[in-house]
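If you read the protein sequences in the order shown, they are chains A, B and C. Taken in order, the first sequence gives residues 36 to 209; the numbers are from this note's numbering. Taken in order, the second sequence gives residues 36 to 209; the numbers are from this note's numbering. Taken in order, the third sequence gives residues 36 to 209; the numbers are from this note's numbering.
By construction, these hints were calculated from the structure, which means they are not laboratory data. It is possible that part of the hints are untrue.
One copy or two, either will do: identical chains are not told apart, so a pair holds if it fits within one copy or between any two.
[Claimed, not checked] SDA-like mimics (lysine to any residue), calculated; alpha carbons at most 25 Å apart, straight line: (1) LYS182 - ASN71; (2) LYS182 - LEU72; (3) LYS139 - VAL191; (4) LYS139 - GLU97; (5) LYS139 - GLY95; (6) LYS139 - GLY152; (7) LYS139 - MET169; (8) LYS139 - LEU101; (9) LYS139 - ARG122; (10) LYS139 - GLY156; (11) LYS182 - VAL73; (12) LYS139 - GLU123; (13) LYS139 - ASP151; (14) LYS139 - THR150; (15) LYS139 - THR81; (16) LYS182 - GLU155; (17) LYS139 - PRO112.
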Amino acid sequence: MATPLNPTSNFFFFIFTVTLLYVAYTIPRHQPRETNLVFYVHDYLTGHDASAVAVAGRAGPESSILHFGTVLVVDDPVTEGPTIESREIGRAQGMYVNSQLDGKGLHLVFSVIFTDGEHEGSTLEIQGADLFSMAEREFGVVSGTGKFRFVKGYGVMVTEFMDIANLRAVLKLN
Amino acid sequence: MATPLNPTSNFFFFIFTVTLLYVAYTIPRHQPRETNLVFYVHDYLTGHDASAVAVAGRAGPESSILHFGTVLVVDDPVTEGPTIESREIGRAQGMYVNSQLDGKGLHLVFSVIFTDGEHEGSTLEIQGADLFSMAEREFGVVSGTGKFRFVKGYGVMVTEFMDIANLRAVLKLN
Amino acid sequence: MATPLNPTSNFFFFIFTVTLLYVAYTIPRHQPRETNLVFYVHDYLTGHDASAVAVAGRAGPESSILHFGTVLVVDDPVTEGPTIESREIGRAQGMYVNSQLDGKGLHLVFSVIFTDGEHEGSTLEIQGADLFSMAEREFGVVSGTGKFRFVKGYGVMVTEFMDIANLRAVLKLN
Numbered sequence: 036m037a038t039p040l041n042p043t044s045n046f047f048f049f050i051f052t053v054t055l056l057y058v059a060y061t062i063p064r065h066q067p068r069e070t071n072l073v074f075y076v077h078d079y080l081t082g083h084d085a086s087a088v089a090v091a092g093r094a095g096p097e098s099s100i101l102h103f104g105t106v107l108v109v110d111d112p113v114t115e116g117p118t119i120e121s122r123e124i125g126r127a128q129g130m131y132v133n134s135q136l137d138g139k140g141l142h143l144v145f146s147v148i149f150t151d152g153e154h155e156g157s158t159l160e161i162q163g164a165d166l167f168s169m170a171e172r173e174f175g176v177v178s179g180t181g182k183f184r185f186v187k188g189y190g191v192m193v194t195e196f197m198d199i200a201n202l203r204a205v206l207k208l209n
Numbered sequence: 036m037a038t039p040l041n042p043t044s045n046f047f048f049f050i051f052t053v054t055l056l057y058v059a060y061t062i063p064r065h066q067p068r069e070t071n072l073v074f075y076v077h078d079y080l081t082g083h084d085a086s087a088v089a090v091a092g093r094a095g096p097e098s099s100i101l102h103f104g105t106v107l108v109v110d111d112p113v114t115e116g117p118t119i120e121s122r123e124i125g126r127a128q129g130m131y132v133n134s135q136l137d138g139k140g141l142h143l144v145f146s147v148i149f150t151d152g153e154h155e156g157s158t159l160e161i162q163g164a165d166l167f168s169m170a171e172r173e174f175g176v177v178s179g180t181g182k183f184r185f186v187k188g189y190g191v192m193v194t195e196f197m198d199i200a201n202l203r204a205v206l207k208l209n
Numbered sequence: 036m037a038t039p040l041n042p043t044s045n046f047f048f049f050i051f052t053v054t055l056l057y058v059a060y061t062i063p064r065h066q067p068r069e070t071n072l073v074f075y076v077h078d079y080l081t082g083h084d085a086s087a088v089a090v091a092g093r094a095g096p097e098s099s100i101l102h103f104g105t106v107l108v109v110d111d112p113v114t115e116g117p118t119i120e121s122r123e124i125g126r127a128q129g130m131y132v133n134s135q136l137d138g139k140g141l142h143l144v145f146s147v148i149f150t151d152g153e154h155e156g157s158t159l160e161i162q163g164a165d166l167f168s169m170a171e172r173e174f175g176v177v178s179g180t181g182k183f184r185f186v187k188g189y190g191v192m193v194t195e196f197m198d199i200a201n202l203r204a205v206l207k208l209n
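Required output: the full structure, derived from the provided sequences and hints.
Dropping the structure here:
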C-alpha cells in the first residue's frame with residue numbers, strides 16, 4: 036500500500052474529533068429523543084495495522100489521499116477513549132473521497148458499526164463534507180439501525196491528533 | 036469483466052432478502068405512515084446478464100469483491116418474486132464497497148428505482164453496512180422520491196440464495 | 036485528464052436544473068419549515084477550469100462517464116444564476132457513478148457546501164438517481180448541517196444547458 040505523502044502539507048486529517056447529536060423516533064408515538072455520543076476513530080494509512088487504503092484516483096490505486104479525485108476505503112477502529120489501547124466499541128466502514136480541487140477537502144460516506152458497549156448491534160450512517168483545514172467540521176447523520184432506527188442528526192468533527200510523517204490519526208466522536 | 040472468485044469462501048452475499056419499513060410525511064400535516072415493502076434484488080457478477088462490475092480496488096478493476104477495498108458498481112434487477120422470471124418492478128443502482136479488513140463486509144450506497152407496479156416512478160435511497168456472514172443485516176433508508184418523499188426507515192436483508200461457483204444471487208426485500 | 040467523449044451521445048447530463056424543497060426541525064419543538072432553494076451547478080469535464088474527473092471504471096481512470104461503471108469525483112461551482120459569471124455561493128463536492136447498464140443513468144452522492152450568501156456555512160447532503168435522458172429527475176436530500184441540521188427533503192433536477200462537444204454543463208438547483 037504505497038500511499039505517497041505530501042511533505043508540504045502542514046495538517047493531517049486522519050485524526051479527528053466528532054460531537055454527535057441525534058433524534059430518535061418511536062413508532063407509533065414518534066417521540067423525539069436527543070442524545071450525545073462521544074467516540075474516537077483511528078485512521079491509519081500506514082503501519083502493520085493500517086485500516087485505510089487508496090483504491091482509485093487520477094493515478095489509480097497509487098494516488099495520494101491528499102490529491103483531488105482519490106478514493107479511500109476504510110475500516111477504522113472506533114474506541115471509547117482517545118488512545119488505541121482504550122476499549123474498542125466499533126468500526127467505521129465505508130469510503131472517503133478527496134473532493135476538493137486543492138486537495139483540502141474530503142467527502143465521507145460510511146457506517147459506524149457498534150460491536151461492543153452500550154450501543155452494541157446498532158449502526159449510524161454518516162454522510163458529509165470534511166474540509167480538514169477547518170478546526171471543526173459538521174457532518175450529517177443520515178440514518179441508523181437497531182436502537183438508532185429512524186435517527187436524524189449531525190456531528191461535529193475536530194482534529195484530535197496528527198502524525199504527518201506516518202499518516203496515522205485518531206478520531207474523537209463526541 | 037474478469038472478476039476473480041475466491042473458491043475458499045463458503046458464503047455468497049450477492050443474493051439477499053430485505054424487510055423494509057418506512058415512515059412517510061405529508062406536508063403540512065406530517066402524518067407518519069408505516070408500510071412494509073417486499074422485493075427481490077438479483078445480483079449477478081457473471082453470465083451474459085451480469086449486472087454488477089468491479090471498477091476499483093487494490094488490484095484495480097480486476098480486484099475481487101471478496102477483498103477489502105474493492106468497489107463494485109451495480110444495476111441489479113428488482114423483482115416481485117424470488118425468481119428472475121417474476122415481474123421486474125425496478126432496478127437497484129449504485130455502489131457496493133468491500134469495507135471490512137477481512138473481506139466479510141460491504142458498505143452499500145444505492146437507489147431502488149421502481150419502474151413498474153404499485154410504486155412506479157418512486158425511488159428509495161439506501162445506505163448501510165452488509166456484514167454478509169450474518170444471517171440478517173439491517174440497513175438505513177436515508178431518503179426517497181415520488182410517493183416516498185420525506186421517507187425515513189430501515190430495512191432487513193437476508194441471504195436468500197447463493198451460487199458460489201458462478202457469483203450469482205437473488206435478493207429479497209421484504 | 037483524458038476523459039473520452041462518446042460522439043454518438045445526443046444528450047449531455049453535466050448541466051442540470053434542480054428544485055429543492057426541505058423541512059427543517061428545531062429542538063425541542065420540531066416545527067417543520069418548508070423552503071425552496073434555487074441554485075446552479077456547473078459541471079465541466081474539460082477545459083482549464085475542469086471540476087470533475089473520472090477516477091475509476093472498467094477501463095480505469097480513462098473510462099468515459101457515459102459508460103456503466105465509471106466513477107467521477109466532482110468539485111463543481113454552485114452559483115446564484117445560470118451563468119458561471121454570476122455570484123458563486125458554494126461548491127458541490129462528491130461522487131457521480133454511472134450505474135445504468137446502458138450508460139444512461141448516474142448515482143449521485145455529494146455535499147452542497149454553501150460558502151457565500153444567505154446559507155453560508157451550511158451544507159446539504161444529497162443522494163439520488165439521475166436518469167439523465169428524462170427531462171426531470173427527482174433526488175433525495177438526506178441530511179444537512181448548520182441551518183439545515185435535521186433537514187429532510189427532495190430536489191428536482193432539470194437539464195438546463197449542454198455542450199456535448201466539450202463535456203461542459205450548467206446545473207440549476209431550484
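Each hint, compared with the structure:
no. : hint            : result
1   : LYS182 - ASN71  : both (14 Å within a copy, 19 Å between copies)
2   : LYS182 - LEU72  : both (13 Å within a copy, 21 Å between copies)
3   : LYS139 - VAL191 : within (18 Å within a copy, 30 Å between copies)
4   : LYS139 - GLU97  : both (18 Å within a copy, 24 Å between copies)
5   : LYS139 - GLY95  : both (19 Å within a copy, 24 Å between copies)
6   : LYS139 - GLY152 : between (34 Å within a copy, 22 Å between copies)
7   : LYS139 - MET169 : within (10 Å within a copy, 35 Å between copies)
8   : LYS139 - LEU101 : within (7 Å within a copy, 28 Å between copies)
9   : LYS139 - ARG122 : between (31 Å within a copy, 22 Å between copies)
10  : LYS139 - GLY156 : between (34 Å within a copy, 17 Å between copies)
11  : LYS182 - VAL73  : both (16 Å within a copy, 22 Å between copies)
12  : LYS139 - GLU123 : between (29 Å within a copy, 19 Å between copies)
13  : LYS139 - ASP151 : between (33 Å within a copy, 18 Å between copies)
14  : LYS139 - THR150 : between (32 Å within a copy, 15 Å between copies)
15  : LYS139 - THR81  : both (20 Å within a copy, 22 Å between copies)
16  : LYS182 - GLU155 : within (9 Å within a copy, 31 Å between copies)
17  : LYS139 - PRO112 : both (24 Å within a copy, 16 Å between copies)
Checked against the numbered hints above, the structure violates none of them.
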